[in-house]
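Chemist: Sequence:
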Amino acid sequence: MYLTREDYCMMTKVDVNGTNIRYLNPANCEVGSARGTVKIINAYAMLFSIPFMVLTIIVYLAIPELRNQHGKSLVCYLFGLIVGYSLMGASILNVSMDVLGIECKIVGYTCYYSFMSAFFWLNVISFDLWHNFRGTRGINRSLEKKRFIMYSLYSWGIPILFLLATMYVQEYVDIPERLQDDLKPGIGGGHYCWINMDTWAGFVYFFTPILFIMVANIIMFVMTAMKIHRVQNEMARIMAKEDSTRNLKKEKDKFGLFLRLFLVMGVTWSLEIISYFVGSDSKWAKIFYAADICNAVQGFLIFMLFVMKRKVKQLITNRYFKRPGTPKSNSTNSTNSINSVTTQKSKIFSIPMTTPDQMKF
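My numbering runs 234 ahead of the 1-based position in the sequence shown.
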C-alpha cells in the first residue's frame with residue numbers, strides 16, 4: 235500500500251548493537267493541533283483585513299486625484315485580495331462544507347483565480363512605476379486609458395489560463411496514484427477546497443508563478459530606484475537650489491511610499507513561500523506562523539500606508555469637510571508651483587517631470 239508523507243513520519247533510532255549508527259524508521263506520529271489553530275487564526279485575520287481593503291477602495295474611487303493609473307491598479311489588486319480572503323477565510327471556518335461537493339470546487343477555483351489576478355496586478359503596479367520613470371513623453375490621457383485596458387487584459391486574462399490549466403489537471407488528467415498528491419492540485423479532491431499545500435502541488439500550481447512575478451517585480455523596482463537616483467542627481471545639478479530641493483523631496487516621498495508598498499506586498503509573500511518549504515518544522519514554525527498572520531492582515535497595513543498618510547487625509551478633508559470658499563491648503567499651492575517649474579524644465583531631463591505627478595499616492 236502506498237502512503238503519502240502525511241500518513242507517516244521518520245524518527246531516528248539507535249542501532250541495537252550499541253554503536254553510534256542511527257537509522258531513520260517510519261513511524262506513526264502524533265500531529266499536533268498547533269497548525270490547525272494557526273489556520274483558524276489566519277482565517278480571522280483575513281476577515282479582519284477585508285473592511286480595511288474595502289475602505290481603501292472607497293477612498294481611491296471617491297477622490298478624483300487618486301483615480302490615476304496606479305490608484306486604479308491598487309483598487310484592482312485589493313479587489314482580488316478581498317474575494318480571495320473572503321472565500322478562503324469562510325472555507326476554513328466552515329467545517330461543515332462538503333469537500334467533495336460542487337460548492338467546495340467553486341470556492342477553491344475562485345480563490346485561486348482571485349489570488350493569481352491580485353499578483354498580476356501587483357506586477358502591473360511595478361511595471362507601470364518603472365515605465366513612468368523611464369519614458370520620455372508627457373501626459374497623454376488617451377494613451378493612459380489604452381494602457382489601463384491592456385493592463386486589465388493582462389491581469390484578468392492571464393490568470394484565466396492558469397485557472398483553466400489547473401482545472402484541467404484536477405478534473406481530467408489521469409495521474410498514477412503514487413504521484414497524485416504531488417501533481418494533482420487537490421481542489422475539491424476529497425481533502426481540500428484549496429490547493430493542497432502539504433505536497434508539491436502547492437509549489438507547482440501556486441508558488442511557482444508567484445515566484446516568477448516577484449522576481450520580475452524586484453528587478454523592475456531596482457531599475458526604478460536607479461533611474462530615480464540618476465534623475466535626482468540631474469535635478470540637483472541643473473535646477474535652482476530651492477526648486478531642486480522641493481522636487482527631490484517630492485520624488486523621495488513617492489519612492490518611499492512605493493518602497494513601503496514593495497516591503498508590505500513583497501516581503502510578506504516571500505515569507506509565505508519560505509513558510510511553505512519550512513512546513514511545520516518545530517524550530518521555525520512559530521516564526522513563519524507569525525509571518526503568515528502578517529500576510530493575512532495585509533489589508534490593514536495597506537490601509538495605513540495609502541489612506542492614513544497625511545496627503546490623502548488632506549485630500550479627503552478638502553473634498554468633504556472644507557467649507558465653501560475656504561482657500562486651498564498650502565500643500566496644494568506648493569504642488570502647483572512645483573508643477574509649473576517642472577513644465578518649464580521638462581525638456582531638459584530624460585523623463586518628463588509631469589509623469590510622476592500622476593502618481594498621487
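Be a bit skeptical, because a hint or two may be false.
As the list claims (entries may be wrong) - Simulated crosslink set (EDC-like; lysine to aspartate or glutamate; CA at most 16 Å straight-line):
1) Lys273 with Glu506
2) Lys273 with Glu468
3) Lys339 with Glu405
4) Lys543 with Glu299
5) Lys545 with Glu378
6) Lys306 with Glu378
7) Lys273 with Glu405
8) Lys547 with Glu378
Claimed, not checked - Restraint-style ranges between C-beta atoms, simulated for each label pair:
9) Val501 with Tyr406: 31 to 41 Å
10) Met457 with Phe555: 32 to 42 Å
11) Ile392 with Phe555: 40 to 50 Å
In short, the hints are calculated from the structure, not lab data. None of these values were measured; they are calculated from a predicted model. Ideal Cβ placement from N, Cα and C applies to all residues, glycine included.
Chemist: Hint by hint, say whether it matches the structure.
Modeler: Evaluated hints:
no., hint, result
1, Lys273 with Glu506, "holds (13 Å)"
2, Lys273 with Glu468, "violated (51 Å)"
3, Lys339 with Glu405, "holds (10 Å)"
4, Lys543 with Glu299, "holds (14 Å)"
5, Lys545 with Glu378, "violated (24 Å)"
6, Lys306 with Glu378, "holds (12 Å)"
7, Lys273 with Glu405, "violated (27 Å)"
8, Lys547 with Glu378, "violated (26 Å)"
9, Val501 with Tyr406: 31 to 41 Å, "holds (38 Å)"
10, Met457 with Phe555: 32 to 42 Å, "holds (40 Å)"
11, Ile392 with Phe555: 40 to 50 Å, "holds (42 Å)"
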